[in-house]
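There are 2 protein chains.
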Amino acid sequence: MKEFVENSILKKKIHKDYINIRGNISNFLIPVKVIKISEHIVPEEIKKRTTNFEYYIYDTSGPYEKVDNLSNFQNGIKRVREEWLNSRTEIQSYNKGNKTIRKATNGERVTQRYYARKGIITPEMEYVAYRESIEISQNKIWIEWLWKEKAKDVLEKSVLSAEWICKQVAEGKIIIPSNINHPELEPMGIGQGLRTKINANIGNSSIRSGINEEVEKMLWAIMCGADTVMDLSTGEDINAIREAIIRNSPVPIGTVPIYEVLEKVEGKPEDISWELYRDVLIHQAEQGVDYFTIHAGLLEEHLPMIEKRLAGIVSRGGAIMARWMEEHKQQNFTYTHWDEICEILSTYDVAVSIGDGLRPGCIYDANDEAQFAELKVQSELAKRAEQFDVQVMHEGPGHIPMDKIIKNIEIQKEWCSSAPFYTLGPVVTDIATGYDHISSAIGATVIGSAGTAMLCYVTPKEHIGLPDKEDVREGVVTYRISAHASDIAKGLPSAFLRDCLMALARVKFSWEDQFALALDPEKSLKMFLESNPCVQDNGEKRINQNYCTMCGPKFCAMKLSKTKE
Amino acid sequence: MKEFVENSILKKKIHKDYINIRGNISNFLIPVKVIKISEHIVPEEIKKRTTNFEYYIYDTSGPYEKVDNLSNFQNGIKRVREEWLNSRTEIQSYNKGNKTIRKATNGERVTQRYYARKGIITPEMEYVAYRESIEISQNKIWIEWLWKEKAKDVLEKSVLSAEWICKQVAEGKIIIPSNINHPELEPMGIGQGLRTKINANIGNSSIRSGINEEVEKMLWAIMCGADTVMDLSTGEDINAIREAIIRNSPVPIGTVPIYEVLEKVEGKPEDISWELYRDVLIHQAEQGVDYFTIHAGLLEEHLPMIEKRLAGIVSRGGAIMARWMEEHKQQNFTYTHWDEICEILSTYDVAVSIGDGLRPGCIYDANDEAQFAELKVQSELAKRAEQFDVQVMHEGPGHIPMDKIIKNIEIQKEWCSSAPFYTLGPVVTDIATGYDHISSAIGATVIGSAGTAMLCYVTPKEHIGLPDKEDVREGVVTYRISAHASDIAKGLPSAFLRDCLMALARVKFSWEDQFALALDPEKSLKMFLESNPCVQDNGEKRINQNYCTMCGPKFCAMKLSKTKE
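Protein chains in written order, with the working numbering: chain H, 963 to 1527; chain S, 963 to 1527.
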């Protein structure tokens, strides 16, 4: 975001960098954020060993350092995967209009899962292994300080190998959404043993927003820490928006293809056909969409179950499919054409996120017959997708009260062979309108701590209107809290470590370090400056106030208390 | 808040009222908020039985309807308990300056627990029984609609009797903080089987804010739903601020008396003496403070345990006591003088919130030896307090990762005989600076769902600076989300019911009902109007847009979906 680089305090504390890795398969540039930790808070034992007090953070923002210049977005960003893709013999290229498009040569498959099941480690897998381990390998000195004699053990267990990633991808426990037509992608993985990921939904609706706003929202999302972005646009510019987003996105882009199909039939679900849907899938696969949400688990026989609900169907895609089935008195065509869909997915390596069209839309409907009936079908579809080497994750709810959340992940793990679970919140109460990023972050942290692989964010505007860029920021940062807290609960040492550095900064009143280490450096600094008016952001020296207006100088517990070094 | 009454849409949907109850002991006016549910969303079976479509909500805002007029705060609010207190023979009055003060006559006790242990039901107990049941007794028609044949059972189980409240108070499982010098109080209970309560901390610091701001913050807190308010002021005006707050507060007011003591010795902890402390306790008890936080569980022998910590002591009261013990090389004087403290508390019926001076201040320190050593002492102190009929609750953390939260409430229940637990958050990660209302609401909902009786809010300014009134609002509403979600998880039918009414409003696109039923009607309406610019708040008729800008008219799942009536 703009203030990221312009604020002089943060500019001196945080910078973006790429770590140059020489792997076995390829060389990589792994993106990181680097924080300069102030010497005065560094424990003595570290000072004895080094003068490099940097701390490295996993980074999702690709080549971007600020968002205020969108004039060049037509050119797209650097194509980091170009060489790898060029060297794959299973891939052919063809021209369509002025674009070159990649697909599998006839009869071949090009999915990460295909290679993994053959025991072939791809550059993408190796990249993910290094990227997931970067906060461990680069922060070794801090790990040795914190864990002392246990540090060796922590380091050994936490640095992931490409072989391990490959095995998980083969078994469907990790996916690497990476369409061969999205060479701009910095590969990332979703699944067990990895950092909990978050997705940000953007996209216009027919009555609001346009191409510039949506590209800007994507940039805000990844600057704040979104690991993937779903473009849920539904208006007229749907294709141009998607193209601009993909060409400028270093993170996987997901879509719900039925939205474009409905756009093509002018909003009449009954006019949708399999052929139209198939063509949209191919078109979006050619554009480079990394994963599709497909509501193939919602069947004709589930519709009567909806009658018992208070809120019926609240998934847009689910509602469209339900309407189509009712009008045509036929089975869900994405279910009946599932094998053909899988063929398309494996031709471009589009991962599938099997949608939960029957996710509950209110607490009353949570964990009902309809919801679990669909999940059962999701698990069957996943088994069929495996035959086509398609990478699969499963979408989950929705609106679930606290006492019913854990059952969702337990059943999903059991029925779906520990394939990645990807949940929307869940919100834990229906009455938090205007604060649903919070009500949903509560549920997300519970289900994330229990093993959910990716959390789909919810913004304050949920249930009210289309999020703007400030809502995107609020939603993404809130979900990074959920994901990070989940990672601490899951036992990821890198997550725990960052909190311990924050504690060091707190007890030493090093405000600059606190802001730099925070999930939203800009906002926390801004709030500090506003509520401590005597402090100036002159950028020349550190803020040396050893209290804040919360307690004032006399009542600060930190000042009175003893602390460990 | 101001916009509450001034917004024409909400003005027609929500009003404040008092339900007139004829009890066995006394007559009561129980405060409620009344929402007029729009006819077009009311299920047919209700319409057949009545034309009164009101929905009643528990209310904490006392006599206030708006906050924009603070000019009269010198007069104080209505003294609803005056008659009850006047009729108690165990109470004597005396004059001090121009004030009349109540205390127990010599040798008597006047605590709710004293009466309860004798089997005497007080008006306060009966008031609490009716108040806790108000969302059940007044919403009978909605309960019958939702639970059908099970409604009778729900109604029977959920309407609490004064006898039951009395028994819980006797056993120390529920407290009713109600100083006999706080006649303005509308009694409320904290403990098992009751609605989860939330506390809002206000109070100036020596370098910010004054009397008007703090009274205004108190009003904002209770308008938004705070069940109790702690005045944590530490500056020069500490007495005048407290007096103004108590005289205008319909909710219990808590304090940490050591703050005033430290103020008296000009910030030098070593100059504190038991006598000074005792005099402050008596003075504040005479003013009408309903509960004191006293850090009596933090002992000399715990101090070496702090050496192992990263963040040391982060409780202000705890840090002061620790410093005093170090300087004097003596045991904590609130521990050694505990019996005398209990005598004072039982003379005025001040409840005690036994402070957790060693609560962890970072994730690293969570659930450590120091923390549990103090909790053990807290439980011993509670047993001694019982001998004096003192009402007791226990304070809890703090900073706890997701996987360590449940252990806190389990141990507290076991060691402290299910006395009310009162936790600060806990925050589930240290790196959410600027968003700690969210990181703590996550932990609060987990521990609330597991049985915590009262949740102490955290505002976005935590760790940064003194909250202003907007922070108070954000913190209170966030914690109402946590408390409400906890109540759903605890199985309180009234909590679940409100969510179901919200679902009715959502599926019928009744925006006015959605905002009225939301935890923050004003903010949700404001956000809606901002992001749906075509809708005008002309106040003349309902908003009849049957979609929002999130999905636009074509893509709304609710429009496509079938629903139950």
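Check before you lean on any hint, since a few could be wrong.
Identical copies look the same in the list; a pair holds intra-copy or inter-copy alike.
Unchecked claim - Okay, derived cross-link-like pairs now, DSSO-like style, lysine-lysine, Cα gap no bigger than 30 Å in a straight line:
#1 K995 to K1028
#2 K1369 to K1112
#3 K1366 to K1102
#4 K1135 to K1366
#5 K1058 to K995
#6 K1369 to K1452
#7 K1375 to K998
#8 K1226 to K1470
#9 K1058 to K1452
#10 K1226 to K1135
#11 K1338 to K1452
#12 K1110 to K1488
#13 K1040 to K1338
#14 K1114 to K978
#15 K1040 to K998
#16 K1102 to K1135
#17 K995 to K1080
#18 K1470 to K1114
#19 K1431 to K1470
#20 K1470 to K1366
Note that these hints are calculated values from the structure, not bench results.
These figures come from a predicted structure and were not determined experimentally.
Hint-by-hint comparison with the structure:
1. K995 to K1028: So K995 and K1028 pass the 30 Å test inside one copy only (14 Å; across, 47 Å).
2. K1369 to K1112: between (35 Å within a copy, 25 Å between copies)
3. K1366 to K1102: between (40 Å within a copy, 26 Å between copies)
4. K1135 to K1366: both (24 Å within a copy, 27 Å between copies)
5. K1058 to K995: The answer is neither: 38 Å in one copy and 63 Å across copies each exceed 30 Å.
6. K1369 to K1452: Answer is both; intra-copy 18 Å and inter-copy 16 Å each pass.
7. K1375 to K998: Neither way: K1375 and K998 sit 40 Å apart in one copy and 44 Å across, limit 30 Å.
8. K1226 to K1470: between (60 Å within a copy, 28 Å between copies)
9. K1058 to K1452: neither (46 Å within a copy, 59 Å between copies)
10. K1226 to K1135: neither (35 Å within a copy, 63 Å between copies)
11. K1338 to K1452: both (26 Å within a copy, 29 Å between copies)
12. K1110 to K1488: Neither. Shortest intra-copy (36 Å) and inter-copy (53 Å) distances fail the 30 Å Cα cut-off.
13. K1040 to K1338: neither (41 Å within a copy, 60 Å between copies)
14. K1114 to K978: within (28 Å within a copy, 63 Å between copies)
15. K1040 to K998: Classified as within: same-chain Cα gap 27 Å, cross-chain 58 Å, threshold 30 Å.
16. K1102 to K1135: within (28 Å within a copy, 49 Å between copies)
17. K995 to K1080: The answer is neither: 35 Å in one copy and 65 Å across copies each exceed 30 Å.
18. K1470 to K1114: within (28 Å within a copy, 59 Å between copies)
19. K1431 to K1470: between (35 Å within a copy, 29 Å between copies)
20. K1470 to K1366: Between copies only: 26 Å across chains, 42 Å inside a chain, cut-off 30 Å.
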